[in-house]
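Given only the sequences and the hints, what does the whole structure look like? Please build it.
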Amino acid sequence: MLNEDPNNFSWKNKLENFDQLSEVILPGKNELWEKLHIRLEQKPRRSRIMWYLAAACLLAVIILSLTLTDKRNEDLASKGTKRAVTAEKLLPTAPALKQIIPGNITSASSKKTTPVYHLQPSTYPAALNEPVKDQPVLKIEAMPAPQKIFETTLPDSAVIATQVIVAKKKLKVVHINELGELIEETDKMKLVADHRNFQFKFINQETLNNSPLPSNNTGFNIFKTKNIPSN
Amino acid sequence: MDIAQLVKEARQGSASAQKCLFDMLSDKMMLVCRRYLKSNEDAEEVLLDGFYKFFKNLSSFSFQGEGALYSWVKKIMINECLMLLRKKNVFIIVTESAIDDFPLEEEALNNLSAKEIFDLVVQLPVGYRTVFNLYVIEGMEHKEIAALLGIAEGTSKSQLSKAKLLLQKNLLQKGNSYVKRRSK
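Quick note, the sequences are listed as chains A and B, same order. Here my numbering is used: position 132 in the first sequence is 132, and no number is missing along the way. Here my numbering is used: position 53 in the second sequence is 53, and no number is missing along the way.
Everything labelled a hint here was simulated from the structure, so no lab data went into it. It is possible that part of the hints are untrue.
Stated by the list, open to error - Simulated restraints, written as ranges between beta carbons of each label pair: (1) A/GLU31 x B/LYS115: 25 to 31 Å; (2) A/ILE62 x B/GLU66: 55 to 61 Å; (3) B/ILE3 x A/VAL61: 50 to 56 Å.
Said to hold, decoys possible - Below 25 Å or equal to it, Euclidean Cα-Cα: the simulated BS3-like pairs (lysine-lysine) are: (4) B/LYS75 x B/LYS38; (5) A/LYS29 x B/LYS19; (6) A/LYS35 x B/LYS19; (7) B/LYS56 x A/LYS43; (8) B/LYS115 x B/LYS8; (9) B/LYS8 x B/LYS53.
Glycine included, each C-beta is placed from N, C-alpha and C at the ideal position.
This is the structure we're talking about:
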């Protein structure tokens, strides 16, 4: 809305018609036009929306790739389970295969981790634990039942290979009658027996796990440390 | 060439039509900018920005005559000037105690020529000059000016009266002939 001051009207008219002022008229009109023309010819800058869109697309691609990778891993895990079950069917007579706890295998797919296998002492062949009655028995030193053969993470594709290795490591069960007459134990045999004993212990990790804890009973304070300085 | 045709061609992106419009309007717009801004550099910068906006938004303008076109471009230029003043943070309301004693003689100012008015207006402080331009030259009301500049309506009124007093004072200080001319 315009104000209705009559004086203003005359001032306004004077200044409106005043366009021939030499001081003010543009000296470099053409230069200004050149600048303006260059500016008008320039392509408009990409708006922020374009950048936001690009960022959103990138994020979507990352999320999609992560999801697909997860799905692929799940598929591979389920395939591994199927393979293990097939192997069990193929080798039903191998006792070591029966020792594999199926529960752990089935849980592998849900936990998305490679299954860990344990050997159960109860599933050992009876012939190992029970002596033959009324027969001369070659008494082999009773060894502690191996709790773990190994505990490690394995790729799913190595399940069958592991099972074969476990099957190979099983001790051969021999009846006493098959052994023939008793042979006197020589030094060499003792040495071999000791060596075997050590091997078993090493496999069962007894040499590592059952190492005696440092104590003061030995008379040597091996791991004794001093934290507070004594004055 | 017909202005309507020029506007139509400029809207389509014709550089020659745009140049014709620029040549036709730039001098007047430069005067408008110089009334609001003290330096020629600032006025030229604003002129370029204003014309850039004018050509970019020409498609939204419906041509209804030369006067309408002129008013529209002028409005763009004034807005650009005010924006620059705000950006440079030079829009300060100045109070001058000395001018309060000076009696206001409106008629003395009315007898001034266009050049005299222009020279005097340019010399005013930014606050006075802006309010004076918006009220006297553009014909806005104090309410509008207050809303546009973000000041109180009373401030706008006082700025205007002080601007007029300062104009008179400047005239007398120069020992100018304008007032004398009036008294004859």
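Hint numbers not upheld by this structure, sorted from lowest to highest:
8
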